[in-house]
Amino acid sequence: MTAIPGAIPKRRRKLVINRLMDRRPLDSATVDRFVERYGAPIVEGDRATFLWRGEADQVLVRHRVIGWPDPLPLRRIPDTDLWYVTAELPAGSRVEYQFEVVWGEHRQSYVNDPLNPKLAHGPFGASSVLSATGYEVPDWCRPDPEARPGELVEHVFTSKALRRDVRLWLYLPARFRTVVRYPLLIVHDGRDYLDYTTFQTVLDNLIHRGEVAEMMVAFVPAGEQRLVEYANHAPYARFVARELTPYLTDTYPLLPTPEGRTLMGSSFGGVASVSTAARYPGLFGSLFLESASLVFTDIGAEHGGGHVFDPVVRFVNAYRARPRRIVERIFMTCGMYEPLITPNRSMVTTFREAGMEVRYVESRDGHNWENWRDRLRDGLTWLHPGEQKFVYE
Amino acid sequence: MRTVLLGPQRFRTTLGQVIGAVVPDGAVATVTAGWQDREGNTGELDAILGGRGRHLNLYGRLSDVLETDRRFAEAALAHRDAVDELAGIYSARLHSALESVYSVQRRRHRPDLAEAALADGVRVVRGIDRWYLETLDQLYGELQAAAPPEDSEPISRHRAEVAEALRQAAAVAIGGGHVGVLLRCLRLFDVDPPPQLPVIGWSAGAMCLTDRVVLYNDFGPRGAVGSEVWDRGLSRAPRIVALPHARRRLRLDDPMVLRVLVRRFADARCLLLDDGARVDLGPSGELPAGARVIGDDGAVHNLQEPS
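In order, the protein sequence lines correspond to chains X and C. Oh and the first sequence: position 348 is 348 in the working numbering, straight run, nothing missing. Oh and the second sequence: position 126 is 1126 in the working numbering, straight run, nothing missing.
Source of the hints: derived by calculation from the structure; they are not laboratory data. Some clues are possibly wrong.
[To be verified] Quick list of the computed label-pair ranges, beta carbon to beta carbon:
#1 Y1102/C <-> D46/X: 34 to 42 Å
#2 V348/X <-> D1137/C: 54 to 62 Å
#3 R1106/C <-> A126/X: 44 to 52 Å
#4 H155/X <-> W1131/C: 42 to 50 Å
#5 K118/X <-> G1088/C: 39 to 47 Å
#6 G1223/C <-> M21/X: 54 to 62 Å
#7 V308/X <-> D1084/C: 55 to 63 Å
#8 G1223/C <-> A234/X: 36 to 44 Å
#9 D1137/C <-> E224/X: 52 to 60 Å
#10 V137/X <-> F1219/C: 18 to 26 Å
#11 R1010/C <-> R191/X: 49 to 57 Å
[To be verified] Over 10 Å on every C-beta distance to chain C, these chain X residues come out as not near it, computed from the model:
#12 E36
#13 P71
#14 L72
#15 R75
#16 R76
#17 L115
#18 R167
#19 T257
#20 D310
#21 Y360
#22 F390
#23 Y392
Note that beta-carbon positions come from the ideal geometry of N, C-alpha and C, so glycine has one too.
Just chain X, with the same shape it has in the complex (with noise of 0.2 Å):
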């Protein structure tokens, strides 16, 4: 082993699973008093282990971490029923993760870990979360007292374009006041994003710290053709901005102008956002983008997304083809273990050499919704800041 000259070797301590088996003899209590003791999974510095009790032929854990094996496969200890596999987990890294557990025939998928209490919550159910040294959910995720909150209020549009009723769900901020101009962000899978990310009172926090400014959202769900309508949509995009947009505008006291219209949307609901903008330019100010599928390929046809991403990789290949200024500014935001983050990383570049200012962060988190709600501080304050610096008690 060749020495680093200056560096100090890091001594790292031996792992509490590695203690474990040294144990003798390894018996049965042993082991219940290292999982009442431990929990799971056990994270230790920058490693994680994962833990499974229980017969079986294979247990995998299932995840999507771009970097880890894909399943990780868990090792028996032998002459027990305690399975454990250990992998590398940086400091500040939050992993969803289930198990997979195989008996001859018999495999059963989308298991949550019965040792972990933690859960994320999505509309395909909930995941076990890991959560490294250094994560914490953020305090303004959680509600307030002193926070006056919002009122959310459902509305049910008729769109010609889409040809169908959109439900939606308009928030007003606490102490609305028609005498104010407010800006408006939209935003897709909005059902989602406030059951899953804590929107509503994450507004209502954040508005009253005067850390954003006071504005109305419109969260607008997806319909049942959701793959469709996202993927760069000519119908969709007319929704939004030639019916949406202009009865808002004419119904509440928002502002006139670009600057004070957002549009906001994860995954397909980033493209969505994207295309939208692209296809009306000028008329929105800013995007806030999480994890945006905005795959493209160099060359070729061959994405790996399945046809559902055919029309975004055809969208996206041409804007990378004629980069133009489609608002003002991007706030971006991606998770560093997700696939996604190679085409994120790259389109930053795009859309900055195409005019439009962008800020981008990275988070040690993958594909979800609670990545995404703790992120949304980081993009509402730069989008639209509050009042703060004008507060002086």
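Given the coordinates of chain X, assemble chain C onto it according to the supplied hints.
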């Protein structure tokens, strides 16, 4: 002319003691418009003033004007949009100019060259600040022309009531809060206390008494974004940039940035108003010995003699 500037009153309340010393008797006209819709929550203040407070309710009056005078409300809304747009343009110009100054300041090989470039860079920043205030004056002129306050019945009525309350007051106390709202109310209702009337201002209230109101917050969610001029104040405390909550809001350990701040606002003094601070200005607005200011070297000093 008696003017006293105080630091924030939330954790170290000195207002009662100061009022007792400055004006032992008589009514104290209070301005708490910076508290906005909490303007009426004056229980603590009433206790401090021992029942001598006469609240001017400027925020409530502003709300009444906006609700009852449609012409003024529309003009005020258009004015606010214009100011927001101006502030956005100013911010974009200012921050690139400041970045350029900081970048020059970091160069060390030929100090003579760097110093000349730095002086020029600061001149540019001062020019941008001046341009902003002059353009803001034009926008106020447009508002005045679009909806002259003297033509408005509610504004005239409120102005008369406020003037009467000031005539009967032995002192004026201006509280902290939202400095933009506070200034808007003071301006709309013509609150400009005559020289013989003692004025005590704390936090945002102290900022309003200076020539220029400067906003800053190096520790906000967006990080240090540089201080910005917001508006002209009442000029009761001339040649002072009041910096309440300096320790909480300014990176006082960054002399490079502070040196630029001092040069940018010279010949005004950058006055720190932290908890417990009390600054009694001299008859012409001089700072007393002991006042904490940022020096040309970017460090915090106590003034050795009045200045």
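Status of each hint after checking the structure:
no. : hint                           : result
1   : Y1102/C <-> D46/X: 34 to 42 Å  : holds (36 Å)
2   : V348/X <-> D1137/C: 54 to 62 Å : violated (40 Å)
3   : R1106/C <-> A126/X: 44 to 52 Å : holds (51 Å)
4   : H155/X <-> W1131/C: 42 to 50 Å : holds (44 Å)
5   : K118/X <-> G1088/C: 39 to 47 Å : holds (42 Å)
6   : G1223/C <-> M21/X: 54 to 62 Å  : violated (47 Å)
7   : V308/X <-> D1084/C: 55 to 63 Å : violated (41 Å)
8   : G1223/C <-> A234/X: 36 to 44 Å : holds (40 Å)
9   : D1137/C <-> E224/X: 52 to 60 Å : holds (56 Å)
10  : V137/X <-> F1219/C: 18 to 26 Å : holds (22 Å)
11  : R1010/C <-> R191/X: 49 to 57 Å : violated (40 Å)
12  : E36                            : holds (41 Å)
13  : P71                            : holds (38 Å)
14  : L72                            : holds (36 Å)
15  : R75                            : holds (44 Å)
16  : R76                            : holds (48 Å)
17  : L115                           : holds (36 Å)
18  : R167                           : holds (31 Å)
19  : T257                           : violated (8 Å)
20  : D310                           : holds (39 Å)
21  : Y360                           : holds (15 Å)
22  : F390                           : violated (5 Å)
23  : Y392                           : violated (4 Å)
Against the hints set out earlier in the document, violations occur for numbers 2, 6, 7, 11, 19, 22, 23.
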